[in-house]
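Engineer: What follows is the residue order along each chain.
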Amino acid sequence: MSQPDVKIFSLSTCSHCKATKKFLGDCTIKYEFINVDQLQGDERKAIIEDVKKFNPRCSFPTIIIGEKVIVGFKEKEIKEALGM
Amino acid sequence: MMDAQELYERMKKVQEAKGYYFNRDRERTFELLEALLVNKERHGYMGCPCRLLCGDRDADKDIICPCVYSVPDIDEFGSCYCNLYVSTDWNEGKIPHEYVPERRPLEKMTF
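Protein chains in written order, with my numbering: chain W, 245 to 328; chain R, 313 to 423.
In short, the hints are calculated from the structure, not lab data.
Please note: incorrect hints may appear among the correct ones.
[What the hints assert, rightly or not] Here are some of the chain R residues that sit facing chain W, going by a computed Cβ distance under 8 Å:
(1) R340
(2) E343
(3) L344
(4) A347
(5) V350
(6) N351
(7) P361
(8) C362
(9) L364
(10) C394
(11) Y411
(12) E414
(13) L418
(14) M421
(15) F423
C-beta atoms are modelled at their ideal positions from N, C-alpha and C, and glycine is treated no differently.
Please take these sequences and the hints and turn them into a complete structure.
Structural biologist: Set out below in structure tokens:
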């Protein structure tokens, strides 16, 4: 069974973001991520608008798994969304 | 330039006097202290590593570590938003380690 697409909006400095990436890595789940704090100018603005569409509070990590949006490193919800 | 160990010693002294302790998971704690130093280098102030900073010290003054939300968060959940500062009960596992929700009001997010 193929896994749903996983995308993480993260901060390079955030411990919850690091824990999320480590967890997914340990579970051999493929994911994309964008460290929003490392972006600048128009690109940063555009990505922030994207994050707000999924999570109006624009907090991190904002994790998109298929159609589901998970705010924060919530292991149980992540596992459920991945069908684990 | 200050290193994480120095920052640890300095903040420990001040915060423990107020009843706030570093997370006893040293790896997590030092990862966060290093991140605070990254933010200081990047923006000139030690803004919260778990929040997006706008780069303006005044606009971010509520999230300069320890942030103003850490007091009610430690009171309610035993931990700040980042799990950097915690209560003794949290450190000793006497209270559950719930995920601390973002308490900063939406209107403060000016990035």
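Engineer: Taking the least C-beta to C-beta distance, is R/F423 closer than 8 Å to chain W?
Structural biologist: At 6 Å from the nearest chain W Cβ, R/F423 passes the 8 Å test, so the hint holds.
Engineer: Have a go at the R/N351 hint: is there a Cβ in chain W nearer than 8 Å to its own Cβ?
Structural biologist: R/N351 check passes; min Cβ-Cβ to chain W is 6 Å, inside 8 Å.
Engineer: Holds or violated: the hint that R/Y411 contacts chain W, with Cβ atoms closer than 8 Å.
Structural biologist: For R/Y411, the interface hint holds, since the closest Cβ of chain W sits about 5 Å away, which is under 8 Å.
Engineer: Is the hint on R/R340 kept, meaning its closest Cβ partner in chain W is under 8 Å away?
Structural biologist: 6 Å, holds
Engineer: Given R/M421 as an interface hint, is the shortest Cβ-Cβ distance to chain W below 8 Å?
Structural biologist: 6 Å, holds
Engineer: Interface hint check: R/L344, Cβ to nearest Cβ on chain W, cutoff 8 Å. Holds or violated?
Structural biologist: At 5 Å from the nearest chain W Cβ, R/L344 passes the 8 Å test, so the hint holds.
Engineer: Taking the least C-beta to C-beta distance, is R/A347 closer than 8 Å to chain W?
Structural biologist: 4 Å, holds
Engineer: Can you verify the interface hint for R/C394: is its Cβ closer than 8 Å to any Cβ in chain W?
Structural biologist: 6 Å, holds
Engineer: Interface hint check: R/C362, Cβ to nearest Cβ on chain W, cutoff 8 Å. Holds or violated?
Structural biologist: 4 Å, holds
Engineer: Just to be careful: measuring from the Cβ of R/E343 to every Cβ in chain W, is the smallest value less than 8 Å?
Structural biologist: Holds, about 6 Å.
Engineer: Taking the least C-beta to C-beta distance, is R/E414 closer than 8 Å to chain W?
Structural biologist: 4 Å, holds
Engineer: Under the criterion of a CB-CB separation shorter than 8 Å, is R/L418 in contact with chain W as hinted?
Structural biologist: 6 Å, holds
In this structure, every one of the numbered hints holds.
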